[in-house]
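Got chain R sorted already, so can you dock chain G onto it with the hints?
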Amino acid sequence: MAASSRAQVLDLYRAMLRESKRFSSYNYRTYAVRRIRDAFRENKNVKDPVEIQTLVNKAKRDLEVIRRQMDSRSVAQAGVHNLSSLQPVPPRFKQFSYLSLLISWDYRRPPSHLANFCIFSRDGVSLY
Amino acid sequence: RILTYYTVNLLKLNFNANPIGVDDVKNEKQKKKISRFYLDSQATTMIDPRVFDKMIPYMTYVYGNSHSRNHFFGWESENAVEEARENIIRLINGKNNKEIIFTSGATESNNLAIIGICTYYNNINKNKNHIITSQIEHKCILQSCRYLQTKGFEVTYLKPNQKGIIELEDIKKNIKPNTILASFIFVNNEIGVIQDIKNIGKMCKENQILFHTDASQAIGKVPIDVQEMNIDLMSISAHKIYGPKGIGALFIKRKKPNIRLNAMMHGGGQERGMRSGTLPTHLIVGLGEAIQLCSREMERDNKKLIFFFNYVKQYLSKNLDYIIFNGCQINRYHGNLNISFLFVEGESLLMSLNDIALSSGSACTSNTLEPSYVLRSIGVSEDIAHTSIRIGFNRFTTFFEVQKLCVDLVNSVKRLRSISPLYEMELEKNNSSSDTLQFVWT
Numbered sequence: 001m002a003a004s005s006r007a008q009v010l011d012l013y014r015a016m017l018r019e020s021k022r023f024s025s026y027n028y029r030t031y032a033v034r035r036i037r038d039a040f041r042e043n044k045n046v047k048d049p050v051e052i053q054t055l056v057n058k059a060k061r062d063l064e065v066i067r068r069q070m071d072s073r074s075v076a077q078a079g080v081h082n083l084s085s086l087q088p089v090p091p092r093f094k095q096f097s098y099l100s101l102l103i104s105w106d107y108r109r110p111p112s113h114l115a116n117f118c119i120f121s122r123d124g125v126s127l128y
Numbered sequence: 001r002i003l004t005y006y007t008v009n010l011l012k013l014n015f016n017a018n019p020i021g022v023d024d025v026k027n028e029k030q031k032k033k034i035s036r037f038y039l040d041s042q043a044t045t046m047i048d049p050r051v052f053d054k055m056i057p058y059m060t061y062v063y064g065n066s067h068s069r070n071h072f073f074g075w076e077s078e079n080a081v082e083e084a085r086e087n088i089i090r091l092i093n094g095k096n097n098k099e100i101i102f103t104s105g106a107t108e109s110n111n112l113a114i115i116g117i118c119t120y121y122n123n124i125n126k127n128k129n130h131i132i133t134s135q136i137e138h139k140c141i142l143q144s145c146r147y148l149q150t151k152g153f154e155v156t157y158l159k160p161n162q163k164g165i166i167e168l169e170d171i172k173k174n175i176k177p178n179t180i181l182a183s184f185i186f187v188n189n190e191i192g193v194i195q196d197i198k199n200i201g202k203m204c205k206e207n208q209i210l211f212h213t214d215a216s217q218a219i220g221k222v223p224i225d226v227q228e229m230n231i232d233l234m235s236i237s238a239h240k241i242y243g244p245k246g247i248g249a250l251f252i253k254r255k256k257p258n259i260r261l262n263a264m265m266h267g268g269g270q271e272r273g274m275r276s277g278t279l280p281t282h283l284i285v286g287l288g289e290a291i292q293l294c295s296r297e298m299e300r301d302n303k304k305l306i307f308f309f310n311y312v313k314q315y316l317s318k319n320l321d322y323i324i325f326n327g328c329q330i331n332r333y334h335g336n337l338n339i340s341f342l343f344v345e346g347e348s349l350l351m352s353l354n355d356i357a358l359s360s361g362s363a364c365t366s367n368t369l370e371p372s373y374v375l376r377s378i379g380v381s382e383d384i385a386h387t388s389i390r391i392g393f394n395r396f397t398t399f400f401e402v403q404k405l406c407v408d409l410v411n412s413v414k415r416l417r418s419i420s421p422l423y424e425m426e427l428e429k430n431n432s433s434s435d436t437l438q439f440v441w442t
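So the sequences go chain by chain: R and G. So in the numbering used here, spot 33 of the first sequence is number 33, and the numbers just go up one at a time. So in the numbering used here, spot 134 of the second sequence is number 134, and the numbers just go up one at a time.
A hint or two may mislead.
A few chain G residues facing chain R, derived, Cβ under 10 Å [what the hints assert, rightly or not]:
#	residue
1	Arg36
2	Phe37
3	Tyr38
4	Asp40
5	Asn394
6	Phe400
DSS-like mimics (lysine-lysine), calculated; alpha carbons at most 30 Å apart, straight line [claimed, not checked]:
#	chain 1	residue 1	chain 2	residue 2
7	R	Lys58	G	Lys139
8	G	Lys318	G	Lys139
9	G	Lys303	G	Lys318
10	R	Lys47	R	Lys58
11	R	Lys60	G	Lys198
12	G	Lys176	G	Lys198
13	G	Lys245	G	Lys128
14	G	Lys303	R	Lys58
15	R	Lys21	G	Lys404
16	G	Lys151	G	Lys172
17	G	Lys163	R	Lys47
18	G	Lys172	R	Lys21
19	G	Lys163	G	Lys176
20	G	Lys95	R	Lys58
21	G	Lys33	G	Lys139
22	G	Lys303	R	Lys60
23	G	Lys139	G	Lys126
24	G	Lys303	R	Lys21
25	G	Lys172	G	Lys202
26	R	Lys44	G	Lys404
27	G	Lys95	G	Lys253
28	G	Lys176	R	Lys21
Calculated directly from the structure, the hints in this document are not laboratory data. A virtual CB, placed ideally from N, CA and C, is assigned to each residue, including glycine.
Chain G on its own, in the form it takes in the complex:
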């Protein structure tokens, strides 16, 4: 029986099969056993088993402090940390390992970049006190800028166009002689739109202002070349790329003149004095391995994500009306899909899809019932912003999960619309020519 099983399976090997993937869920009984589906990859991702495997020795056998310079235990840890730095530099085409500073995550990296850089250069020259950013940045960037505003800095928050792209003309108009830094998110965490980083970087270089980008949703998913894109500072997060939580990095380009910043964590002078604190070797190794895996798997993962993205769009467009796909559909990361289902409240839709993990906004804002500020910035009205959900595919997403998502979404939206007075009014409006009552949201 065993021989027959192997022989049959060998015969079934079809090396010309669909490159998108094999789903091992063959029958209905097995499918029913799968009870949870994770499609909120912009919030976080599961750790890749290969990353976990790489980390474990550094939690058991290799436990030295990487800053212990006098013994083998420290050297072992230091080698692992340097290898992780090398992996990151290789992926982003950096020049030197010293350009990477490890932090506790992208939030700390963003704070260090914005507050650390601006306070340093403001101390040298009090006239330098202007920052340019956008309205669709991550909360940590916006809050850092607001904090600097309380300290007397001037911040310009640029409004994106309806597709979520920041216009180069707007940036050019707002660059002033007292501008220190421009910060624009590479891939937006809510709508998945990719900014024109290359041209923004070129403009910043021409005007001699530092350019920072929050690449926590971009690194390992879209190609990044810090030399070609003239990126001076870049924030990196591990847990968005199948790495562990609690570790990130800040890329600081080595160039003339040197980029300096005020440290926010003071102590033993680790990370060249920019971020003191004992390095968590196991987390850094995890980040390094996650980055290395991404460099190998990026093309393969993106092919699958583009397929899922197009499949979901086509399925929903065919089976539902009154839906809007938010953000530019071309310049984007295809693992992120933000959709507004008119006449259906987003939170209600999420509750009805109780076995599928989705989001109605960014994780950092999911505690509030306010509509997404990113959607409001790109011109989506408040009532439509409330109807939006965000879908995040990842490396481990299967076609079965995507199909189930589509079927459940269509069924839930239809069910919720059947009890929605707004949808009923819209249908009546379409069927009759007379004026109907209009709802005004406060």
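Pulled out of the complex, with its shape left as it was, chain R reads as follows:
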């Protein structure tokens, strides 16, 4: 169990760093990366399984926060007329991004399991 917990934590760490690097804002991006590294560093010596699970759950919630930021940025780009760089957005992307955002932000009906949470991205649908 200890080995799988460690693997889960490392997967989570990598996922958080990967998502954080997608922030378009330099300041948000560097802060998120820095903060995640600091948080995992601070808690690397935690041994209590209950505490580890609490921290893992918190990290998962934070990962969802970061992913929602990515989705909100995509919707904002689809809806806002950007004068500096006009890029056409695929119609399928616009339709699904808005719906996924509304679903993810309805906190009264959270996703039942992280594995079933769908991320609608520019490249299509990916399952986590």
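The following block gives chain G in isolation, referenced to the frame of chain R:
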């Protein structure tokens, strides 16, 4: 290739790395892509993504009026508002959620505190008509006091010492039997100096006068304990602590006798009749979340800010002469650095640093070309006040930005001084013993 990438990155994990921070800008090509640097954090700050995430449901799914008492939609909003109140009370060690009144910002809170309190107590007792404040307060406090002066109130504006600190003896000397309220800014927005709030609060309590502090630059950045500091009223702003603009709060201590004030916004009686108007739930949730984040991140943020503060000071002191760091360098908030670069006009320096956002004074006074009244109050001469700029670090500032600031500042100052006749005169004066022409500023 993916496995190699992850393996290499895992191996690079160094858990004993510099606690100050990791800058992900690794190469020159990436650095060149970053074209804008925000270092004017005293004007406003960017919203923390976690705050934004917390706010969004209250702009979409949770849209009830928090004062609708008859249905679930209202209860949902009310719970969110009360949670935000709880967060604020917890941070400042208040006693009761009812001590927080939400307003549209620190300006409204300051107006409500100064004008609302003083007019109420003056109505009860016409002899009570004196207010003590300082010359370095925010414009909204000064203008509120000036407004009360037109209504017959007496206001004493205390001058700070050269470090920007209000002397306790001066406050003590000016307390009179007809004094209602003393108002002193906690952390000055221009020079970053922290007043001796604890002792001022103690003095006000001993003399039974109400004590108000504008904590819009202090809350979430320096520890505040309203019980220990004997603070009766405190103004709070969200957009200085990575929250949304358009929301603030006024802390009114519940004590015997109750602190009463005249409301300035009349209507449905919200906020116990002190500030009517439908509460913007999403903004309040943003403020509450920003406060909660600050309580968790304060120590971490301050460690970084102290490092940046000392780094900039050391770098500039080593590479430039004729610079002055304004305000007390010890009792201060280290996210604010106010520097005068002699012989270089502040506005010109800001123009030459066109990709770095800085300020040559407070945002509220940046439309005018007058020198900063705060700097003039602490004894800085007019010509030197014109050469000052204010740097504001924040939670999201990176070391790369600070390094770029230092390099660009030094280069710009040297370039501007090379074409400055005043600098040339100063160098000639140093090189020769004869008298040279003196410029007198009007």
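Tested hints:
1. Proximity of arginine 36 of chain G to chain R holds as hinted, the smallest CB-CB distance being about 9 Å (cut-off 10 Å).
2. Satisfaction of the interface hint for phenylalanine 37 of chain G is found here, the shortest Cβ-Cβ separation to chain R being roughly 9 Å, below the 10 Å cut-off.
3. Because the smallest distance between the Cβ of tyrosine 38 of chain G and any Cβ of chain R comes to about 7 Å, under 10 Å, the interface hint for this residue holds.
4. Interface hint status for aspartate 40 of chain G: violated, as the beta-carbon distance to the closest one in chain R is roughly 13 Å, over 10 Å.
5. Because the closest C-beta pair between asparagine 394 of chain G and chain R is about 8 Å apart, less than 10 Å, the hint holds.
6. For phenylalanine 400 of chain G, the suggested interface contact is upheld, since its CB lies about 8 Å from the closest CB of chain R, less than 10 Å.
7. Only pairs whose Cα atoms come within 30 Å are accepted, and lysine 58 of chain R paired with lysine 139 of chain G is rejected, the gap being roughly 42 Å.
8. Restraint check for lysine 318 of chain G and lysine 139 of chain G: the C-alpha separation of about 35 Å exceeds 30 Å, so the hint is violated.
9. Of the pairs offered as hints, the one joining lysine 303 of chain G and lysine 318 of chain G holds, with about 23 Å between alpha carbons and a cut-off of 30 Å not exceeded.
10. Among the hinted pairs, lysine 47 of chain R with lysine 58 of chain R is consistent with the structure: their alpha-carbon atoms are about 17 Å apart, no more than 30 Å.
11. With a CA separation close to 41 Å, the supplied pair lysine 60 of chain R and lysine 198 of chain G exceeds the 30 Å bound.
12. A distance of roughly 20 Å separates the Cα atoms of lysine 176 of chain G and lysine 198 of chain G; the hinted pair therefore holds under the 30 Å criterion.
13. The suggested pairing of lysine 245 of chain G with lysine 128 of chain G is violated, with an alpha-carbon distance near 35 Å, which exceeds 30 Å.
14. For the hint pairing lysine 303 of chain G with lysine 58 of chain R, the CA-to-CA distance comes to about 24 Å; that is within 30 Å, so the pair holds.
15. With a C-alpha separation of about 22 Å, the suggested pair lysine 21 of chain R and lysine 404 of chain G falls inside the 30 Å cut-off, and the hint holds.
16. At most 30 Å may separate the alpha-carbon atoms for a hinted pair to count; lysine 151 of chain G and lysine 172 of chain G meet this at roughly 25 Å.
17. Of the pairs offered as hints, the one joining lysine 163 of chain G and lysine 47 of chain R is violated, with about 49 Å between alpha carbons and a cut-off of 30 Å exceeded.
18. A distance of roughly 55 Å separates the Cα atoms of lysine 172 of chain G and lysine 21 of chain R; the hinted pair therefore is violated under the 30 Å criterion.
19. A hinted pair counts as satisfied when its Cα atoms are at most 30 Å apart, and lysine 163 of chain G with lysine 176 of chain G qualifies at roughly 26 Å.
20. Taking the CA atoms of lysine 95 of chain G and lysine 58 of chain R, the gap is about 29 Å. The hint holds against a cut of 30 Å.
21. Simply put, lysine 33 of chain G and lysine 139 of chain G have alpha-carbon atoms about 38 Å apart, too far for the 30 Å limit, and the pair is violated.
22. Annotation: proposed proximity of lysine 303 of chain G to lysine 60 of chain R holds, straight-line Cα distance about 27 Å (limit 30 Å).
23. The straight-line distance between the Cα atoms of lysine 139 of chain G and lysine 126 of chain G is roughly 27 Å, inside the 30 Å bound, and the hint therefore holds.
24. Proposed proximity of lysine 303 of chain G and lysine 21 of chain R is supported: the alpha carbons are some 24 Å apart, at most 30 Å.
25. Between lysine 172 of chain G and lysine 202 of chain G, the direct Cα distance comes to roughly 11 Å. Compliance with the 30 Å bound is thereby established for this hinted pair.
26. Taken as a hint, the lysine 44 of chain R and lysine 404 of chain G pair is broken in the structure, with Cα atoms around 33 Å apart against an allowance of 30 Å.
27. In summary, the hint linking lysine 95 of chain G to lysine 253 of chain G is supported, as the alpha carbons are separated by about 8 Å, within the 30 Å threshold.
28. In summary, the hint linking lysine 176 of chain G to lysine 21 of chain R is not supported, as the alpha carbons are separated by about 60 Å, beyond the 30 Å threshold.
In the structure shown, a violation is registered for the earlier hints numbered 4, 7, 8, 11, 13, 17, 18, 21, 26 and 28, in ascending order.
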